[in-house]
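Engineer: Listed here are the chains, written in short residue letters.
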Amino acid sequence: MISFTEETRQKAFSTQRKPETVESQGLPHVRFHVEEAHLIPAGERPKKFLEAFAAILKHTNYRFMLDQYSRVSAKCARCSANCQIYETTHAPEDVPCFRSEMLLSIYRRHFTVGGAVKGRLTGDVGLTEEKIDELADSVYNCTACRRCTLECPMGIDHGLITHLARWILAEIGIAPRALVVSTREQLVGATGNTSAIPLPALQDTIEFLEEEIADYKGVEIKVPMDVEGAEYMFIAPVSDWMMEAETLMGCICALHAGGVSWTVGTQYYDAINYGLFYSDHHLEQVLHKVEAEVKRLGVKKILIGECGHASRSAKFFYNVFAEQLNIPVINILEVTHDLLKQGKLKFDTEIIKEKVTYHDPCNIARPGWVIEQPREIIKAFIKNYEEMTPSGRDNLCCGGGGGTVSIDELRPYRTLITGRRKAEQIEKTGAEIVIAPCANCKKQVRELLEDNEVPVELVGLHDLIYKAIILSDDGIAWHDPMGDDDWTPPDA
Amino acid sequence: MEAWIEFGKGPLFRLAFVIMLLGLIRALFLVLVGMVEAYHRAGDRVLPWADLHKKTLMWMFPVKRIFNRRPVYSIVSFIWHIGLILVPIFYSAHVLLLMNQSLGVTWWPVLAQDVAHILTWITVAGGVLLFLMRYIPAMSRRLSKFMDGFWVVLITAVFVTGAICAQTAVSAYGYQVSMLIHIYGANLILVLLPFSKTAHSVLFPLGQYAGAIGWKFPKGAGAKVRTTIGKEVNHV
Chain A
1 MISFTEETRQ
11 KAFSTQRKPE
21 TVESQGLPHV
31 RFHVEEAHLI
41 PAGERPKKFL
51 EAFAAILKHT
61 NYRFMLDQYS
71 RVSAKCARCS
81 ANCQIYETTH
91 APEDVPCFRS
101 EMLLSIYRRH
111 FTVGGAVKGR
121 LTGDVGLTEE
131 KIDELADSVY
141 NCTACRRCTL
151 ECPMGIDHGL
161 ITHLARWILA
171 EIGIAPRALV
181 VSTREQLVGA
191 TGNTSAIPLP
201 ALQDTIEFLE
211 EEIADYKGVE
221 IKVPMDVEGA
231 EYMFIAPVSD
241 WMMEAETLMG
251 CICALHAGGV
261 SWTVGTQYYD
271 AINYGLFYSD
281 HHLEQVLHKV
291 EAEVKRLGVK
301 KILIGECGHA
311 SRSAKFFYNV
321 FAEQLNIPVI
331 NILEVTHDLL
341 KQGKLKFDTE
351 IIKEKVTYHD
361 PCNIARPGWV
371 IEQPREIIKA
381 FIKNYEEMTP
391 SGRDNLCCGG
401 GGGTVSIDEL
411 RPYRTLITGR
421 RKAEQIEKTG
431 AEIVIAPCAN
441 CKKQVRELLE
451 DNEVPVELVG
461 LHDLIYKAII
471 LSDDGIAWHD
481 PMGDDDWTPP
491 DA
Chain B
1 MEAWIEFGKG
11 PLFRLAFVIM
21 LLGLIRALFL
31 VLVGMVEAYH
41 RAGDRVLPWA
51 DLHKKTLMWM
61 FPVKRIFNRR
71 PVYSIVSFIW
81 HIGLILVPIF
91 YSAHVLLLMN
101 QSLGVTWWPV
111 LAQDVAHILT
121 WITVAGGVLL
131 FLMRYIPAMS
141 RRLSKFMDGF
151 WVVLITAVFV
161 TGAICAQTAV
171 SAYGYQVSML
181 IHIYGANLIL
191 VLLPFSKTAH
201 SVLFPLGQYA
211 GAIGWKFPKG
221 AGAKVRTTIG
231 KEVNHV
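Those protein sequence lines, which keep their order, are chains A and B. First residue of the first sequence: 1, per my numbering; consecutive thereafter. First residue of the second sequence: 1, per my numbering; consecutive thereafter.
Pulled out of the complex, with its shape left as it was, chain A reads as follows (with noise of 0.2 Å):
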């Protein structure tokens, strides 16, 4: 583990943007690539944020929480012990109220009467363009990972404040260019998702990992594409079939053991969803997409890979925003959890001798819903497994929640100050392989481990299950393609 210094500090903070164009341009002074911001000339952005901010009030449910919270924050800060960040800067800056307090003294000002005549006596200006930059770069150095709510005595969500200043300022184009130009694919380009693969470089994909399974597994499986009334439609972050070919052979593998009936859709494919960390609006088109494929294809239910956010903005919201509701949402670990208590799971425990350790995906485990599943999968075919402290409900974030992972131009802070304490977790438990069952974590957690030196191998819960699956009748989990006797798998 690299040591936290003033350097590793500016480094961290540091920013690729080049001051001469943010000066020329007029755009916001954030740490992050926008991509519209340029269409609001500068000055005139307090307005336009007003107004959005107005609209969003009249129109979505975020008023009531707005007066609780605006009532209630006492400002405590129990919360600065729950959050990473803080615990890493020890700015006050970081703490979760704080950045709450922004976005609730703009609503206070301009949006209930008390703070307009409070405003009016004290000669308060309101909102200003500095005030907008101060936001914007403090929503986005927030991860989203809710830890601070739990520490809360107010209950203040200060992942939903931060989710809602996102999206206001995503109306007055500022928004991180990562976020917005996938998701611009996803909605209105030529191939429909995120990463645009191609649907014939999906089906290559596909191709490919049949034949790895026929030659390391020793069975034969076709994954079921398109098939119509089937129980579940399999969606994972599209990234993952470029990038993540083993998880995808993990679930492919648990899926045929267990005999499940399932498919992939050809006409949507992609679970991914950064609506959910910059825009609602977004948030509901992309799931429309979902909704789409889920009726061409007459499924039951919605099966996501593994991924946390995908997983979350398709559980908690498809069913709010979907013509058709009451469509199950199931994360994969939850069935190949239900597969391994029916027996239909056979594992090969001499496979992964490694000492693991399980890092819990905020969007899955903060909630309470994805917490024991895994452990028990693990439990089944690893030996040597050490819990990270904390975990479950209450664990630490990997450092690249709320889309942050996919801004590069981050990268140094999020893997030097975000994920600085995962890093020291995972440091601590010995292990050799971290899991982590989620298509973001397991970026973050690959450039934390790398950025803060800490040897230790990344992989997805499903990995390891390919690795360890029996499918074939000889009994063997893990055959030599090559057919040599004297042949040993290889370390996991």
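Just to be clear, a hint being listed does not mean it is correct.
[What the hints assert, rightly or not] Only pairs whose alpha carbons sit at most 30 Å apart, straight line, appear in this in silico DSS-like list of lysine-lysine:
(1) B:Lys55 / A:Lys47
(2) A:Lys222 / A:Lys379
(3) A:Lys58 / B:Lys231
(4) A:Lys118 / B:Lys64
(5) A:Lys301 / A:Lys341
(6) A:Lys346 / A:Lys301
(7) B:Lys54 / A:Lys131
If you are wondering where the hints come from, they were derived from the structure by calculation, not from laboratory data.
Assemble chain B onto chain A, guided by the hints.
Structural biologist: Just chain B, lined up with the frame of chain A:
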């Protein structure tokens, strides 16, 4: 001075009490109505009710979590609240005052004198500690606004003067000055109660539910927002 005290205990107290009562009812009503509206507008009304009830009760009696984070501050704050709630409402002199205001109250439980005195001094000590813990650490100081400190000072002053008034050894002049500060300070607390963070005295039990319902979004809101601000609905 006596006339000012009588005015403070009489008409001014009644006015302050009514302002507090109506203000708190208004605050509670607005949030409750907002919550109910939000719940009915939500596209999905599934809520983890049992979990929310449990969390609400847990924070009302935070014996389990209080030691988790900022334990000293949390424990002092919790103990401070005990006297803060019990003494104003159940101290015999306060109950007598309430009954003399023609508010229709004929019976009210009363704290034993000794208990009330002990709680009073615990609250005073708690107030001093809370003030120090808010203003000595740089982080807390940066978070605090004028009213955060003002509240602690005001409440502590009202408790100190109340304790002085309860002493038999105090001089007549000392008693009158203390009572004047006590009564006008208390009236100020009542008037300000609904209009600042102290509204949590009635809104506190709604906190967990507000967060959970806050995440329940209404269908189609994003498109309406876009239309209202003049942006193309499908622009990404």
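Engineer: Does each hint hold? Answer for all of them.
Structural biologist: Going through the hints against the structure:
1. B:Lys55 / A:Lys47: violated, 39 Å
2. A:Lys222 / A:Lys379: holds, 29 Å
3. A:Lys58 / B:Lys231: Between A:Lys58 and B:Lys231 the Cα gap is close to 16 Å, so the pair holds against 30 Å.
4. A:Lys118 / B:Lys64: Given pair A:Lys118, B:Lys64 is violated - Cα atoms ~39 Å apart, limit 30 Å.
5. A:Lys301 / A:Lys341: Holds, because 20 Å separates the two Cα atoms, which is no more than 30 Å.
6. A:Lys346 / A:Lys301: Distance of about 25 Å is within 30 Å: holds.
7. B:Lys54 / A:Lys131: violated, 38 Å
When each numbered hint is compared with the structure, violations occur for hints 1, 4 and 7.
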